[in-house]
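Asks: The chain contents come next:
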Amino acid sequence: MKKNIYELKYRYHTGTAAWILHRLSGLALVLYLAMHIWVIHNLDNPAGFNKVMAFLNMPLFKILELGLWGVIIYHAINGLRIILVDFFGGSKAQKQVFWGVVVVGIIMFIAGAIPFVGHLVK
Amino acid sequence: MNIKFVTGDSGMKRWFYQRLTGIFLAVLLVAHFTIMHFIGTGEIDYRTVAQRLSSPYWKTFDLAFLVFALYHGMAGLWVVIDDYVHKDGWRIFIYSVVVLAGVLLLIIGGLTIITFAPHVLLTFPGNM
Chain A
15 MKKNIYELKY RYHTGTAAWI LHRLSGLALV LYLAMHIWVI HNLDNPAGFN
65 KVMAFLNMPL FKILELGLWG VIIYHAINGL RIILVDFFGG SKAQKQVFWG
115 VVVVGIIMFI AGAIPFVGHL VK
Chain B
376 MNIKFVTGDS GMKRWFYQRL TGIFLAVLLV AHFTIMHFIG TGEIDYRTVA
426 QRLSSPYWKT FDLAFLVFAL YHGMAGLWVV IDDYVHKDGW RIFIYSVVVL
476 AGVLLLIIGG LTIITFAPHV LLTFPGNM
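Residue numbers (the working numbering), protein chains in the order written: chain A, 15 to 136; chain B, 376 to 503.
Take these hints with a grain of salt, some might be off.
Stated by the list, open to error - Capping the alpha-carbon separation at 20 angstroms, the derived lysine to any residue pairs in SDA-like fashion look like this:
#, chain 1, residue 1, chain 2, residue 2
1, A, K65, B, L395
2, A, K65, B, T423
3, A, K76, A, N64
To be verified - Chain A side only, calculated, beta carbon under 7 angstroms to chain B, not exhaustive:
#, residue
4, G40
5, L47
6, A48
7, I54
8, H55
9, P60
10, M67
11, I86
12, G93
13, V118
14, A127
15, P129
Since the hints were derived computationally from the structure, they do not count as laboratory data. Beta carbons: idealized from backbone N, C-alpha and C, even for Gly.
Can you make the complete structure from the sequences, with help from the hints?
Replies: So this is what it looks like as structure tokens:
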């Protein structure tokens with residue numbers, strides 16, 4: 015049988031999980047970007063825009079927005095980790111870099127979640 | 376044929392631009408999210424957006440943001456497709472869809488930002 019030379023074999027390490035999550039979060043963000051551009055294009059019609067925004071101000075979407083913030087933080091922080099590893103010799107200290115960005119990511123998420131929850135319970 | 380189509384270039388430039396736009400986006404996106412969602416009431420309506428978008432500086436910011444985000448997103452999609460889709464026919468089809476979607480979103484988003492007219496702000500009746 016002819017072997018498929020394109021067959022991808024992944025060995026599972028923390029880095030692999032980070033990489034797969036980077037792809038999945040990236041795909042989610044592309045999808046969100048497309049929807050975002052579509053919604054904002056209602057700006058040419060103020061009444062229509064307010065109608066759409068009133069709908070999107072429902073608590074459900076607010077909670078999804080916090081999820082979006084989480085996805086953004088993950089993708090941005092993991093992306094910066096990749097840059098550190100690629101350009102700044104981070105590969106020598108990649109475990110420390112990994113845990114460093116995990117801590118920064120959690121802090122950023124909480125910092126964003128506080129005003130979010132504040133708006134929700136208000 | 377297949378391999379040539381994929382690896383005609385080393386991907387070095389794409390790799391570098393992905394990182395460069397990534398850094399820009401990380402900064403712009405955190406600023407964007409902070410301004411839109413963390414500062415203020417959390418309720419976004421026409422007036423809050425129009426006030427900002429009537430400034431040419433914000434138009435430039437949003438336009439740069441749009442171009443970087445679309446480039447970064449579409450280049451990312453490109454790499455993912457490159458890894459999982461190997462039949463030439465499918466590749467050409469899916470790549471075409473990605474390019475078309477990218478161009479279409481750039482036109483829609485670009486027009487929204489560039490043609491946004493602040494005078495609408497003054498004539499909109501519910502705006503006090």
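Asks: Give a verdict on every hint.
Replies: To see whether the hints hold, each was checked on the structure:
{"no.": "1", "hint": "A:K65 <-> B:L395", "in the structure": "37 angstroms, violated"}
{"no.": "2", "hint": "A:K65 <-> B:T423", "in the structure": "14 angstroms, holds"}
{"no.": "3", "hint": "A:K76 <-> A:N64", "in the structure": "16 angstroms, holds"}
{"no.": "4", "hint": "G40", "in the structure": "5 angstroms, holds"}
{"no.": "5", "hint": "L47", "in the structure": "6 angstroms, holds"}
{"no.": "6", "hint": "A48", "in the structure": "6 angstroms, holds"}
{"no.": "7", "hint": "I54", "in the structure": "6 angstroms, holds"}
{"no.": "8", "hint": "H55", "in the structure": "5 angstroms, holds"}
{"no.": "9", "hint": "P60", "in the structure": "4 angstroms, holds"}
{"no.": "10", "hint": "M67", "in the structure": "5 angstroms, holds"}
{"no.": "11", "hint": "I86", "in the structure": "6 angstroms, holds"}
{"no.": "12", "hint": "G93", "in the structure": "5 angstroms, holds"}
{"no.": "13", "hint": "V118", "in the structure": "12 angstroms, violated"}
{"no.": "14", "hint": "A127", "in the structure": "10 angstroms, violated"}
{"no.": "15", "hint": "P129", "in the structure": "4 angstroms, holds"}
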